[in-house]
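K.L.:
Be aware that the sequence shown starts at 8, since it is given in the numbering used here, and climbs by one per residue.
Heads up, a few of these hints could be off.
Stated by the list, open to error - What follows is a set of in silico ranges between Cβ atoms, one per label pair, in the way DEER data are often shown: (1) V40 to R149: 23 to 29 Å; (2) P25 to P222: 17 to 23 Å; (3) L27 to G182: 29 to 35 Å; (4) G236 to P17: 44 to 50 Å; (5) P222 to V151: 42 to 48 Å; (6) A244 to G21: 29 to 35 Å; (7) L221 to G21: 43 to 49 Å; (8) M8 to E125: 41 to 47 Å; (9) A9 to V69: 17 to 23 Å.
As the list claims (entries may be wrong) - Only pairs whose alpha carbons sit at most 20 Å apart, straight line, appear in this in silico EDC-like list of lysine to aspartate or glutamate: (10) K155 to D74; (11) K155 to D44; (12) K155 to D134; (13) K155 to D132; (14) K155 to D16; (15) K155 to E131.
Keep in mind that the hints were calculated from the coordinates and are not lab data.
Virtual Cβ for every residue (Gly too), placed ideally from N, Cα, C.
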Amino acid sequence: MASCLVRLDPALRGFLRPALRGEPVTVPLDGLVPVMDRIQALGVPHTEVGRIEVAAAGRTAVAVSPDHRLADGEAVDVHPVAVPQAWPEAAEDAPGFVLDGHLGRLAGYLRLLGFDVEHATNAEDGDLAAVAAAGTRVLLSRDVGLLKRSAVRHGAFVYATDPLAQLREIHDRFGLDGHARPLTRCRVCNSALLDGAGAGRAGDVPADVVARGLPLHHCPHCGRSYWPGGHRDRLRARFAAAGITLG
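Using the sequences plus the hints, can you model the full thing?
P.N.:
This is how it looks when you write it as structure tokens:
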């Protein structure tokens, strides 16, 4: 049977079954299937694939598109996405994100930095893919199957498991330095914060905070109030440990 040889960059080999991670993989060719389909069948979501190079026997490798149809005997080299990764075309000053239900703490951290983040703990994969298909937000997930969906135009697998490490990873991958607007969004519901305590939950603000005249902000959607204090200082220290300035 016709076949090709696929060599994955070390950064991508973790998506393979353990038995396949040490050597190039021989892939049978049973039809004119796009090279990206072959790569995804090995376990690598298209969101993680950057440059693809193909070489016929005895020839120099050339870059090909994800739609390239492989021929018998060709060798394929698969490279990871280039960093910083490009934002969606519709993004201007900063990208927006949509996160799957398991990345709640990362969603909160990104909102603290001022990024527009959609997140719901009960979101269905189809709904997340539909948001990603609109092309205005980057889908972040640790669900390989979700990221393999063809509807996902901009996405990223989150490799780290610790939320602060995840934040550092996404911060670097998308070149977010200089694009954050810290403490301008509600960590809980993502709405832009307004000046003042607000009417809905003004009673939540401690009397000493009011007496000291500390600057207050409130969320017009859920009514939460925000002010400087020990909690914010602890968050700053936590972010600083990850090399990120909260403001």
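K.L.:
Confirm or reject each hint.
P.N.:
Each hint tested on the structure:
1. Under the hint 23 to 29 Å, the C-beta atoms of V40 and R149, about 27 Å apart, fit the expected range.
2. Against the hinted window of 17 to 23 Å, the Cβ-Cβ separation of P25 and P222 comes to about 53 Å, which falls outside the hint.
3. For the pair L27 and G182, the supplied restraint of 29 to 35 Å holds, since their beta-carbon distance comes to about 32 Å.
4. For G236 paired with P17, a C-beta distance near 45 Å keeps the hint of 44 to 50 Å intact.
5. For the hinted restraint 42 to 48 Å between P222 and V151, the CB-CB distance of approximately 44 Å keeps it satisfied.
6. The hinted range of 29 to 35 Å is satisfied by A244 and G21, whose Cβ atoms lie roughly 32 Å apart.
7. Between L221 and G21, the C-beta spacing of about 47 Å keeps the proposed range 43 to 49 Å intact.
8. Roughly 45 Å separates the CB atoms of M8 and E125, a value that falls within the hinted 41 to 47 Å.
9. The beta-carbon spacing between A9 and V69, approximately 20 Å, falls within the hinted interval of 17 to 23 Å.
10. The hinted pair formed by K155 and D74 meets the criterion: a straight-line CA distance of about 15 Å does not exceed 20 Å.
11. This hinted pair checks out: K155 and D44 have alpha carbons roughly 10 Å apart, not beyond 20 Å.
12. With a CA separation close to 14 Å, the supplied pair K155 and D134 stays within the 20 Å bound.
13. Our distance criterion of 20 Å between C-alpha atoms is met by K155 and D132, whose separation comes to about 11 Å.
14. Taking the CA atoms of K155 and D16, the gap is about 18 Å. The hint holds against a cut of 20 Å.
15. A hinted pair counts as satisfied when its Cα atoms are at most 20 Å apart, and K155 with E131 qualifies at roughly 15 Å.
When held up to the earlier numbered hints, the structure conflicts with hint 2 and nothing else.
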